[in-house]
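**Student:** Each chain is listed here by its residues.
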Amino acid sequence: MRAAIGLADTLTPQQVGHLRHVENLSLQPANDWSLMKGIGTGQDDFGAYRFQLAYMAYALAITHVHRLPAAPGVFKPIFERLIAKLLLPESWLYWRDVSRGGSIFNAHLSDQYREEWNPVLRDNIMYSAYVQSLTLLYNVLFDDDRYAQPGAISFEHWSYFWGGDGHRFEYDQNTLNEHLYWKMVESGYLGVACEPNCIFQICNQPAILGFRMHDLLTGGDRASEVTRGYEQAWQQFGRIGDNGHYHVMLAEDTHAVRPNVARAPWVDAWCGALMNMWNGDFVRAHYPQQLADLLLHQPDGTLSVRSAPRPPVQGHVVLNDDSDFGWVAAWASEMGDEETLRGLLQHADRHMAPRWRDGGLYYPRNDQAEDADGYRTLVEPMTGNVLLAYARLNVRDGLRGVYEAPWGEDHFDEPAIVAVGSGVDVLQARFDRATQSLRFTVQTRPDRPSTEAWIVLGRIVGRAGWCLLLDDVPVASGDTSTLTCSGPVSLQPIDRGLELHWSGRRVQTMRMIFEHDATAAHTHEIAGRVKVTGSPLSRG
Amino acid sequence: MPFESGTVNTMAGCGEFSLIDHFNRAVTEQVFRGSPTLVLFGFTHCRVVCPRALARYAGVLGQLADEGWPVRGLYISVDPARDTPEVMRDYLQPYPAFLGLTGTTAQIDQAKAAFRVFARRASDPDEPDGYRVPHTAIAYFLDAQGHCLSHFADALAAEEVLDRMRPLLTTQSGQSGA
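For the record, the sequence lines run as chains A and B.
Start counting the first sequence at 1; every next residue gets the next number (my numbering).
Start counting the second sequence at 1001; every next residue gets the next number (my numbering).
Possibly wrong hints are sitting among the right ones.
Some, not all, of what chain A presents toward chain B, calculated at C-beta under 7 angstroms [unchecked claim]: (1) L87; (2) E90; (3) W182; (4) E186; (5) G188.
Not close to chain B: a few residues of chain A, all C-beta gaps over 12 angstroms, as computed [stated by the list, open to error]: (6) Q15; (7) G40; (8) D145; (9) G229; (10) P288; (11) L319; (12) R342; (13) P364; (14) D367; (15) R400; (16) W454.
No lab work stands behind these hints, which were simulated from the structure alone.
Every residue gets a Cβ at the ideal spot worked out from N, C-alpha and C, and that includes glycine.
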């Protein structure tokens, strides 16, 4: 029986390193934001924790769907921890201040705004859409509706020293989605504002992803309604300016568009990477010229991006993690532009000081714009923790695939790795329906105890006979009532499935073949060759 | 700690309004309780969206009436400056299933908020009086108690709307008969 996919589909060491880094950050204690603090103050810029958390989760979604579809156990716990961090006050408390709308271009409106504690009630789609899309995405990816329970999404803050009696706002994935949908309707589908009066194209795209996930769960049609309305609403402004680059934002009160005059890379790249979900032809049509204006071909053969200078405003230097480089890499990955992506990642590996920490790979923050030779060295946490990982893990139309339909029919009935010990990396996990076999490659981590090297094979209840092959040699077999295994592996039935331990090489590829009409005789034949050599776990 | 609920009005159409109908009678949302209603927002100078929607929904309401499901149609103006009760009455003559509602700007704003409707005056030299009023093109289906059972985007064909309304009406009928 031929494997459904080849070794090329296994994760590379760098990809595994990025996943580990995301996991490491997710495991930090509450309010330990080590390595995540950017140059901005007060979480009100584009490098804020909420953006890092959200795009780490999107990167997990892309990787799960396209690279490790049969390994929910790798992603689910990380996803939960990222959502938990997104709900921490530190992620949203900025809104209490930003809601007052005192931006320089809102000076004429600031008297009308008041302090608002609820971070999703009005405006602030730059936060609310991430909570909405992540919780709904979680439900879609893992078939777990925990965030649909009443009050499952809670924004809570109380301080011993200030803030009065405290604040608590409760939602669930459906009430939040409904709220954002109607905010979108009230806007005439132009979009919900981020900072007061500022409707960014970029920040409404995650809400559209959330609407789509809700549609997938409920059979609704909100996403297509909203995107159709969005197209009509933006027709009078055009989404793109005379210079061919995406508009940055629209003022809600005057409907004045702020074009991307300076050709800031993050505007095009962030917008394009997201809008490709539902508007791929449009994004692809403009990508080549937009990219040509932004890309730098360097003497050493690598690629970088040309950032737009931020002029001083009212005598102040604007400190903002634009993450131009990271966003262009993410955009190129979504476009499937391998040449550009390769050039950018080569630059990152050569000039941005990649670092390994606790098994995780990242590019540490560096505020220095360039080195003595003029190569870009600026690395924002959003780029170094998240976007380069996202780009390296993504595939062509990766987010678009998540948007359209992450799973085929019967996905949640297919055997999968449903839990993973902390001593294991999963490099490959795919169930092949044609051969009814789960192929997976696991790697033990040398920096973790061997007792943590285990996985749980789940979703096998109700299936008839199966056998497990290690290096194409049968090592275990079983059915609904019996379990037999040999020396290199041990299998322990637990509630969630079969807990698998193994010994031997650090990297092992295994295949679990399930009996079905076409292979019943073959599976029996293979199972018959299992040699019981150790102390097998027989459960009769 | 006090619980500040999300204060989410997720279900449009539950709010209060006070308007003038196209017979010059003062009405509130209470007047329309007691039977299901289909609510549209629009303006009589609308060239495309409103005539198309009114024609479509007039057909839907006619079909439902033939099937024994009387549903009242309401057409609320978002252009109070031009849409007087008399103008509304004339405009809706081809659509007798619909009752026109208008009012002062403040009254219209309250109704828009109740249904979470977008409408905004936009300059357009090609239009009479130099403006038009882009607005939300959603139809709201309310039960006899004024709760919004569903809403329909403008892109839905009449048959799709009927397919969605029939089971809701059946359920409502079952509940009221229980």
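**Student:** A cut-off of 12 angstroms on Cβ-Cβ distance, and G40 of chain A was said to be off the interface with chain B. Does that hold?
**Tutor:** holds (28 angstroms)
**Student:** Is the Cβ of R342 of chain A farther than 12 angstroms from every Cβ of chain B?
**Tutor:** holds (42 angstroms)
**Student:** Confirm or reject: P288 of chain A is not an interface residue toward chain B, with every Cβ-Cβ distance exceeding 12 angstroms.
**Tutor:** Its Cβ never comes within 12 angstroms of chain B, the nearest being 32 angstroms, so this holds.
**Student:** Is D367 of chain A truly not at the interface, in the sense that its beta carbon sits beyond 12 angstroms from all beta carbons of chain B?
**Tutor:** holds (39 angstroms)
**Student:** Minimum C-beta separation from P364 of chain A to chain B exceeding 12 angstroms: can you confirm that?
**Tutor:** Holds: least Cβ distance 39 angstroms, greater than 12 angstroms.
**Student:** Hint check: is the beta carbon of G188 of chain A less than 7 angstroms from a beta carbon of chain B?
**Tutor:** Check passed: Cβ of G188 of chain A comes within 4 angstroms of chain B, closer than 7 angstroms.
**Student:** Identify whether the interface hint at E186 of chain A stands, where standing means a beta carbon of chain B within less than 7 angstroms of its own.
**Tutor:** Holds, about 5 angstroms.
**Student:** Restraint: L87 of chain A near chain B, CB-CB cut 7 angstroms. Satisfied or not?
**Tutor:** Hint violated; L87 of chain A Cβ to chain B Cβ min 13 angstroms, cut 7 angstroms.
**Student:** Please settle this one: L319 of chain A was flagged as non-interface, so is its CB more than 12 angstroms from every CB on chain B?
**Tutor:** holds (33 angstroms)
**Student:** Would you assess whether R400 of chain A, listed as outside the interface, keeps its beta-carbon beyond 12 angstroms of every beta-carbon in chain B?
**Tutor:** holds (22 angstroms)
**Student:** Compute the least Cβ-Cβ separation between G229 of chain A and chain B, then decide whether it is above 12 angstroms.
**Tutor:** It is violated; G229 of chain A is separated from chain B by about 8 angstroms at its closest Cβ, not greater than 12 angstroms.
**Student:** Run the C-beta distances from D145 of chain A to all of chain B and say if the shortest one exceeds 12 angstroms.
**Tutor:** At roughly 18 angstroms from the nearest Cβ of chain B, D145 of chain A sits farther out than 12 angstroms, so the non-interface label holds.
In this structure, the hints that do not hold are numbers 1, 2, 9, in rising order.
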